[in-house]
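Two chains, two frames, some hints: make the complex.
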Amino acid sequence: MCLETQVLIIGGGVTGTGLARDLALRGVQSILVEKKDLNAGASGANHGLLHSGGRYVASDPETAAECRKEGDILKQVAAGCIEDTGGLFVAVEGDDEKYIADFPHLCSRSGIPVRALDPSEAREFEPALNSKIIAVYEVEDASIDPFKLNLENMDHAQALGSRLLRHTEVMAFDRNRKRIQRVRLRNTKTGEDILVEPEQVVNAAGAWARKVAAFAGAPIDMIYSKGSLLITDTRLTTRVVNRLRPASDGDILVPGGTVSLLGTTSIRINSPDDIRPTVEEINAITDYGSAMVPALQKTRFIRAYSGVRPLIGTQSGQGDRSVRRSFALFDHIQDGLENFVTITGGKLTTYRYMAEKTADLVCSRLGVSAPCVTRTEPLPSSETSQWTEPGRAPREWIKNKNPEDIILCECEMVPRSVIDSIITSLRDKDDSVDLRAIGLRSRIGKGLCQGAFCGIRITAYMFDEGELNADEGLINLREFLNGRWKGIRPVLWGASLIQEELQEAIHCGLFGLEL
Amino acid sequence: MEHFETKLTVIGTGMTGMAATLFAANRGIDTVLVGSTSEIMFASGFIDLLGVHPIHERKSWKNPWQGIAEVRRDIPNHPYARMDETDIRTAFDQALSFLKDAGLPYLRRNEQNCRAVTSLGTLKSTYCIPHTMWAGVEALEEKSPCLLVDFRGLKGFSARQIAAVLQHEWPNLRTVRISFPEMEHMEEVYTEALARNLSMEHNRVKLAEVIRPHVKGSVYVGLPAILGISSSYEVACDISDKIGAKVFEIPTMPPSVPGLRLKEAFEEQFPLRGVRPFFQKQVLNVHNGPGGEFKLDIGGDTTEFGVKTDGIIMASGRFLGGGLRADRHQIRETIFGLPVTQPSDRRLWHRRSFLDSRGHPVNRCGLEIDDEFRPLDKSGHPAYPNLFAAGSVLAHQDWMRMKCGSGLAIATAYKAVKAYSQMNERPVGP
Numbered sequence: 000m001c002l003e004t005q006v007l008i009i010g011g012g013v014t015g016t017g018l019a020r021d022l023a024l025r026g027v028q029s030i031l032v033e034k035k036d037l038n039a040g041a042s043g044a045n046h047g048l049l050h051s052g053g054r055y056v057a058s059d060p061e062t063a064a065e066c067r068k069e070g071d072i073l074k075q076v077a078a079g080c081i082e083d084t085g086g087l088f089v090a091v092e093g094d095d096e097k098y099i100a101d102f103p104h105l106c107s108r109s110g111i112p113v114r115a116l117d118p119s120e121a122r123e124f125e126p127a128l129n130s131k132i133i134a135v136y137e138v139e140d141a142s143i144d145p146f147k148l149n150l151e152n153m154d155h156a157q158a159l160g161s162r163l164l165r166h167t168e169v170m171a172f173d174r175n176r177k178r179i180q181r182v183r184l185r186n187t188k189t190g191e192d193i194l195v196e197p198e199q200v201v202n203a204a205g206a207w208a209r210k211v212a213a214f215a216g217a218p219i220d221m222i223y224s225k226g227s228l229l230i231t232d233t234r235l236t237t238r239v240v241n242r243l244r245p246a247s248d249g250d251i252l253v254p255g256g257t258v259s260l261l262g263t264t265s266i267r268i269n270s271p272d273d274i275r276p277t278v279e280e281i282n283a284i285t286d287y288g289s290a291m292v293p294a295l296q297k298t299r300f301i302r303a304y305s306g307v308r309p310l311i312g313t314q315s316g317q318g319d320r321s322v323r324r325s326f327a328l329f330d331h332i333q334d335g336l337e338n339f340v341t342i343t344g345g346k347l348t349t350y351r352y353m354a355e356k357t358a359d360l361v362c363s364r365l366g367v368s369a370p371c372v373t374r375t376e377p378l379p380s381s382e383t384s385q386w387t388e389p390g391r392a393p394r395e396w397i398k399n400k401n402p403e404d405i406i407l408c409e410c411e412m413v414p415r416s417v418i419d420s421i422i423t424s425l426r427d428k429d430d431s432v433d434l435r436a437i438g439l440r441s442r443i444g445k446g447l448c449q450g451a452f453c454g455i456r457i458t459a460y461m462f463d464e465g466e467l468n469a470d471e472g473l474i475n476l477r478e479f480l481n482g483r484w485k486g487i488r489p490v491l492w493g494a495s496l497i498q499e500e501l502q503e504a505i506h507c508g509l510f511g512l513e514l
Numbered sequence: 000m001e002h003f004e005t006k007l008t009v010i011g012t013g014m015t016g017m018a019a020t021l022f023a024a025n026r027g028i029d030t031v032l033v034g035s036t037s038e039i040m041f042a043s044g045f046i047d048l049l050g051v052h053p054i055h056e057r058k059s060w061k062n063p064w065q066g067i068a069e070v071r072r073d074i075p076n077h078p079y080a081r082m083d084e085t086d087i088r089t090a091f092d093q094a095l096s097f098l099k100d101a102g103l104p105y106l107r108r109n110e111q112n113c114r115a116v117t118s119l120g121t122l123k124s125t126y127c128i129p130h131t132m133w134a135g136v137e138a139l140e141e142k143s144p145c146l147l148v149d150f151r152g153l154k155g156f157s158a159r160q161i162a163a164v165l166q167h168e169w170p171n172l173r174t175v176r177i178s179f180p181e182m183e184h185m186e187e188v189y190t191e192a193l194a195r196n197l198s199m200e201h202n203r204v205k206l207a208e209v210i211r212p213h214v215k216g217s218v219y220v221g222l223p224a225i226l227g228i229s230s231s232y233e234v235a236c237d238i239s240d241k242i243g244a245k246v247f248e249i250p251t252m253p254p255s256v257p258g259l260r261l262k263e264a265f266e267e268q269f270p271l272r273g274v275r276p277f278f279q280k281q282v283l284n285v286h287n288g289p290g291g292e293f294k295l296d297i298g299g300d301t302t303e304f305g306v307k308t309d310g311i312i313m314a315s316g317r318f319l320g321g322g323l324r325a326d327r328h329q330i331r332e333t334i335f336g337l338p339v340t341q342p343s344d345r346r347l348w349h350r351r352s353f354l355d356s357r358g359h360p361v362n363r364c365g366l367e368i369d370d371e372f373r374p375l376d377k378s379g380h381p382a383y384p385n386l387f388a389a390g391s392v393l394a395h396q397d398w399m400r401m402k403c404g405s406g407l408a409i410a411t412a413y414k415a416v417k418a419y420s421q422m423n424e425r426p427v428g429p
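Quick note, the sequences are listed as chains Y and B, same order.
Residue 419 in numbering that gives the first Met the number 0 sits at position 420 of the first sequence; the count goes up by one each step and never skips.
Residue 406 in numbering that gives the first Met the number 0 sits at position 407 of the second sequence; the count goes up by one each step and never skips.
The list that follows gives simulated cross-link-like pairs (lysine-lysine, DSSO-like), each with its CA atoms no further than 30 Å apart:
1) Lys131/Y - Lys297/Y
2) Lys485/Y - Lys58/B
3) Lys297/Y - Lys377/B
4) Lys297/Y - Lys280/B
Here are the in silico distance ranges between beta carbons for each label pair:
5) Thr85/B - Lys188/Y: 51 to 59 Å
6) Pro360/B - Arg108/Y: 46 to 54 Å
7) Pro360/B - Lys188/Y: 28 to 36 Å
8) Ile474/Y - Glu140/B: 20 to 28 Å
9) Glu137/B - Ser431/Y: 35 to 43 Å
10) Gln296/Y - Ser37/B: 22 to 30 Å
11) Gln296/Y - Ser352/B: 27 to 35 Å
12) Gln296/Y - Ser343/B: 16 to 24 Å
The hints are simulated quantities; they were obtained by calculation from the structure and are not laboratory data.
No residue lacks a Cβ here, since even glycine has one placed at the ideal position from N, Cα and C.
Next up, chain B with everything else stripped away, as it sits in the complex (with noise of 0.2 Å):
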């Protein structure tokens, strides 16, 4: 078994685990990242900040920092309640940063909202945008003549589906559907395959010539999630270009390529600049030290790898994730046995009804901080002085129905980064 020693482990690899360990490495602490990055496929890549809220009122925020504002008033508890507003635009001003660096630009109204079309037919109100997909919030805008395009074995993704479902709030929506150039002869293909062939220039030559008869009189062409993986917004431009036409990509269920895209970023980047990364692997058990240090066992089904560490910052996530796990009758925190705040009862986890506008309570469950992003203990008290808390473990929220996902993500596990390096200004130990 091989032994390390670090500053600083971050547990996870969604997309708050790959925040903190981003802000971690940008103050240049020396830091190990844990998880099994499988969470980070299913991110739409739309980042949100806040969409919505108070969600049983339906209320949807054109401007998501009056929003959080507004949050911080009603729901005191709320972790955007523990940060300013200067902490989070500093967060997303650095995940944004890297972003771009890593290949994957996003666009945004500082102060705004912006509405996107998803592959439902459905419009979603987003804060960050892929580069790739920002034309169609353009042209949507517009109400401009558009084309939608899909592929014959593309399941899931209609554009006649899309069109119609959008048909009185954008009339000038046409579909056509065609056969991915080479891939005629299969009967089904992937998203993933489909963005994986479109990073070689002499396949977007052949793509473009399918679709440039079809654009006509059509100033945008709205596409799925396939433009490439690692290098999207050249692929874009380059169709773009191609085509003759402003293209957007629509994203579709998730995993999806941009999820995709998100992962391989992070994964490449992470060593470049210091990160140690143990992905695929787990937390197995956590040791306390004799100075207050962690050590942890890490391995996949038996530990492979001894780390001790100074700090910890949790981004284990809900159920999904593997942070939470529910029995039959109660939710426990997986790692620490941390309390969690919960409904009394299972009765009261889920309403009667899936879409109801209160949300379930269970998603409001989770991990209890302090002002510092710290988890408490049942005697309400910071259970280890070096322990961290962020994103979706914690509770008081409802990211799926608050739509703010990966703000709160981006922003908690800058303030948990935070908190971290102003302890380590302090003296560590009993």
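Same shape as in the complex, but just chain Y (with noise of 0.2 Å):
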């Protein structure tokens, strides 16, 4: 197969879907090719936190200027993605009393809103927060579903003529002088090649962008932090909670829907691949956590999940919290390179700016004038992007009243018809279905059961319809379950520790799955 477009995007994270949609709607039509699925990499494993900046204040004043304009844009064009929570910074006692005292003026010199409330005050309406809170400000926070988000960004571009090819990986670039002429690539499930002639090719993969970059000639330094984050199984707090303090372990609290998420670690590795949250993480991110809303040393966690943060810069002498978080282009032209470029770094909230900066160089070189439209289209919602909100396939369900449609994810009541629009809009892409697949698009496998009873409905109602075969079903089943095992793991004490049992219980005891 041999495919021709004008624009070849690498990475299906939010960089990459957030530029497929810019350059759609400036007429230009591109391929998105991703080796897993929508949102595998640092886009599907953060906060979901849309910053009002006032984390960066100290450290990078510039990232922190942009994050409060994008969010202030986001809220926006992508509402239906984001939950207006609001922020508090909070300091404890034996806090840095001089950073306490400065951050009302570094928000100010960054543009941020900020304003002092009394700790009592703030108790009141966030019971959960420490009593011995000595200091807290509030300010815009608020919280994104970065699911939803990618989704809808990619339908949109989807509508408007773009494609995406998921699982498919670069194998390699062939290169013509100063051009890329062709880029092979081949689909990790069928094992297909595919041959694709780009006019510009954009890296967007991420934390991947450096090893994209080295095929194609072109060298890039990257440093990874790994950042681990933890699910707890009810909300604990209406706003989002940081720590008042210079970013460390353990210090921001964003609630999610029915959910709260608490992160993060920052430790350097090596290589992006195959990166899991261990225990020394989750039990310093709970001890940290808990300085600030004490019910996180009694509270059960559903899962955790990891994420790289793909940073730009060399190996230096200071921790990687110090690097600064904006993104980085590369033209390559310096390399020798007229066609291919390199988007990677920034942040979740700093996505769309991102897209535009590098969709307007792309189409600077493609000579098309057309201006960026996304600081004001608002992103359209989608039948298929709005499965990954908590809470609202229960209320569509109720709503509907269709008596027909029977509950197969019972944890997050998630419905047949649900499961049907997702396999539906998957199939007319043209796009393989699996049980992961419809995880990242829906709340199965996310709830206490973590996949071990309606990983097994949900099979079951595969194989019915037809979606699935022969022996292709189970490797999918084990498939799913050791995915959310990795998530699982660190935290298996109490409740958690039952579940786990009961579900081995069931899938090795009973059904032999192991064997």
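Below, the structure is given as structure tokens:
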């Protein structure tokens, strides 16, 4: 198969899908290739925090100001993905008093609205806060659903004529002097080889950008910082809660729908592949986080997850927290390449701006003069992107009152109709259907059972519908369960360990899935 | 608060606690049983003895007794290594005879495991099989033409899945999906409701009428485990007659009807055999009496009964049963605070992959015991002369991976009761 396109985008994180949409809105057609599935990297493994900028006022005022500006834009154009929770920065006894005193001035310097609150007043509307907090500032943080955001960007781009190739990996770039003439791709599921002849290539591979750039003969310096996060089984606060101190471990708690997300850590790693949260990280995050919200010592965690921050720069003596969080756009001219661009680094909050800057460069190379419109053009909601939101599926299910629509995932109340709609939309786009793909696009496997029951029910349903055949179904189920395990393993104590024991009794004791 | 005195108290109402109570009753020992009975609902219905050892080699044993001999040699601390084969055989004979009397006949090949189909389409090797599932074992061996039936609205059970997964092993499988008679209007049906429905003969007539036209050349008909509750054997025979093919059940995802049958059988039979059960209660406190006896506070949330008992068998299970509890740092035994053998650190509890063939070290943690099945204290001596432990709470076994859950429950319960009664032949106390 040989495809032609104006732009080939490599990487299905939100930068890549945001770029596909930005280009499509300017009338530029693209193919986006992703070696796994959408949001498989840092775009799907973060806090879901739309930063007010307060976090970076001391270490990186430029990024702080960028966050502030982009946060305001996204609250307008991507309102459906955002819960405007507001945020707090809180200090506890023993925290650096100078940092506390400087904070409002630093915020003002980057144009970030901030308001001092009386700690007792803050505890009235956030009763989970530690009684020992000594200072509180209110900022304009919000929570954002990175899955919905990514799916909506991609859906819109596809509606405007772009293509998405999931499970498709770059194998090689064929260079002809200063141009990449052809890109050799392979479908990782079917093994099928695909050739693409693009006018421009954008490397938006996030933490894998160095690897992709190296394929093209364009070295870039990157460091990888792993961050791990925890999901609680209930929502602990209504607002985002940040620790008022220089960025460190376990100091942000972000509410997301019916749960809260606690993170993070920052651990230098050598490769972005096969990362997972560890017991040590989980212990550390829990202990630090409970200084702000003591209930974290007793709360039940559903699972943990890890992402890799792609940071631009060389190895420095300082910790990775001090590396700037702004993004980097490489034109690769000095590498002797005229149609290859790398965009990496940055933050979820600034993804749109990163896409805009990249599209500007690509369009100038293509001779396209249409301006960027993503600053004002609202992101349309799509049929398939809505089911990642906790609580959405049950609400719709109750509203529709369709008695034929039985619930297949009982923890998160995901009915058959939602599974059907996801399967249909994947099939419409000529994509493969498996439990993981459905999991990415819905809440299945994300509740208390972590796939133990719904995994089996949905497997049976997919067999019934002819979506799975022969041995494929059980391999699919095993992959799904092993995938969930990565996140469950470090939080297995208390009630979660009981749940795991039941799961193993059924899946191994009775079904012998390990044999 | 009411007070009772008894000779023996069994704590725990999973398979181990039920079996221990049965063996004690068989010996005429005055017995109190305490527990919440919900755990046995998770039983699949199969009674494993030993399926796999060593687990990392995935070595499956056709003859479980040979497998046990190998376990004894390789894992000297495994509970099976502390009992001889005669005791295990006696335990199984007594347990199966009880179940038969309670209307739940089981079948086995004395020296061999059998293979049965699960609802996932995998094949499970096990030792004793409910009579209602037996025809499935034979059908699989013969690879006979067989019809698998599932029901509209029954989640997690797909005949098509079973046939697809087994297509190489058993090509003669056909499937059909039907609506359960008179439940056509219901969008979702539940196994327990279907099983209660089929307890009535006229309902079986209707179901047989719906299935019969689909049987065609099939000798066997497989259904999810819904063939009645207290009289499943009669229900299965009757439906076989009515359909004109040998009907068998396929176990469904727990909690399931076969687990419910076990629960109901024990609950009904024990009072008839002189056992005093405190179902849906738990032991809240244990006190030591002056003569070496125990005093137990029993109740739901608050103490409702005081029980003075000469001896105790702990059949309190693991995490799901509540016998062990884990916090972020360590694993504790919940009733007596006995030392629990465990990995030194939570990092070592679980392996990186869920389905790692070596199993998870946390599943081998538990209580140390002596040859009389008395749990040991920190010094390595029996914590009490009259306290015994049995079942999954014991260390050095991984029943989920070795496929020895019910066997371990029944065998160790037998041994603990035997040790208790031998102790009773000696004087108790200081």
